[in-house]
Amino acid sequence: MSTFPDASGAGSVVDAPNLDFAGTTPYEDYVQADVLTHLQHLRSDDPGEMVFLVTTQVMELWFTVIVHEWETASRALREDRVPVAMDALKRSVRELEALNHSWRPLAQLTPGQFNAYRAALGEGSGFQSAMYRRMEFLLGEKSASMLVPHRGAPRVHAELEKALHEPSLYDEVLGLLARRGLPVPQEVLGRDLAQRYEPSPEVEAVWAGIYADADQNGELVRLGEALSDVAELVWRWRNDHLVATRRAMGAKTGTGGSAGVAWLEKRAQKNVFPELWTARSHV
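Heads up, the sequence shown is in this note's numbering, so the first residue is 1 and it goes up one at a time.
Please keep in mind that the hints were generated in silico from the structure rather than gathered at the bench. Here the structure is a predicted model, which means the values were calculated and not measured. All clues stand as given, with none of them false.
Here are the computed lysine-lysine pairs in the DSSO-like style, where the Cα-Cα straight-line distance is at most 30 Å:
1) K266 with K162
2) K270 with K252
3) K266 with K90
4) K90 with K270
5) K90 with K162
6) K252 with K266
7) K162 with K270
Turn these sequences into a full structure, and let the hints guide you.
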């Protein structure tokens with residue numbers, strides 16, 4: 001372990017870290033910390049706006065890494081590399097836990113505290129987040145209308161349109177099950193990928209059969225449980241969002257003209273990977 005010099009610069013010459021660089025530090029070159037810590041442009045005089053803005057930016061970074069993990073898992077499943085997919089899913093579970101903890105600085109905002117800088121948001125709203133939309137698309141929550149807010153940003157719009165028409169993470173899972181000889185119906189495998197995934201009784205029966213013979217289907221059971229971990233944390237994310245919003249603004253109309261709490265309540269009632277949950281009643 002290196003010996004850090006004290007305030008006077010004293011310290012072991014052998015153990016002291018290199019402090020003299022021709023340009024920026026290697027740490028800065030890699031992390032871009034100066035860029036990250038100067039992205040906060042406050043629009044009000046309220047001191048609470050800083051934590052709201054930084055927390056939201058942190059959430060966007062977590063969205064980005066989770067999308068990376070789920071896209072990695074999707075590619076691996078397409079190539080029948082289940083261990084690689086499992087590693088990515090397990091990493092995403094830890095990242096989802098960190099994402100969900102991001103609500104803590106905002107979870108107990110009073111209406112007065114939120115109102116102090118709410119006007120600074122203007123028409124801004126979380127549902128406009130392109131990276132969060134890519135997360136939702138990977139979960140099978142597809143909607144072409146959600147591309148509309150991004151028409152003015154060609155690169156972002158193109159990335160979202162591509163994601164809309166690609167298989168979701170769950171589509172890749174079902175493709176794997178079919179290649180393993182399980183009776184996933186063709187109408188599910190060949191569905192319009194740009195549409196929201198709808199539960200299938202036949203897929204539910206496939207999962208029930210997998211779980212009923214865990215000894216024979218150990219790898220698939222472990223995959224199902226990893227997906228269930230993801231689904232549970234997504235559900236918790238939605239509920240934490242709902243509670244934080246309800247606490248800060250009650251039933252008022254949300255920023256950006258959304259229905260606020262009413263819309264979040266509807267979202268919180270939905271499970272992703274639905275047959276993984278309903279199949280448990282039949283095992």
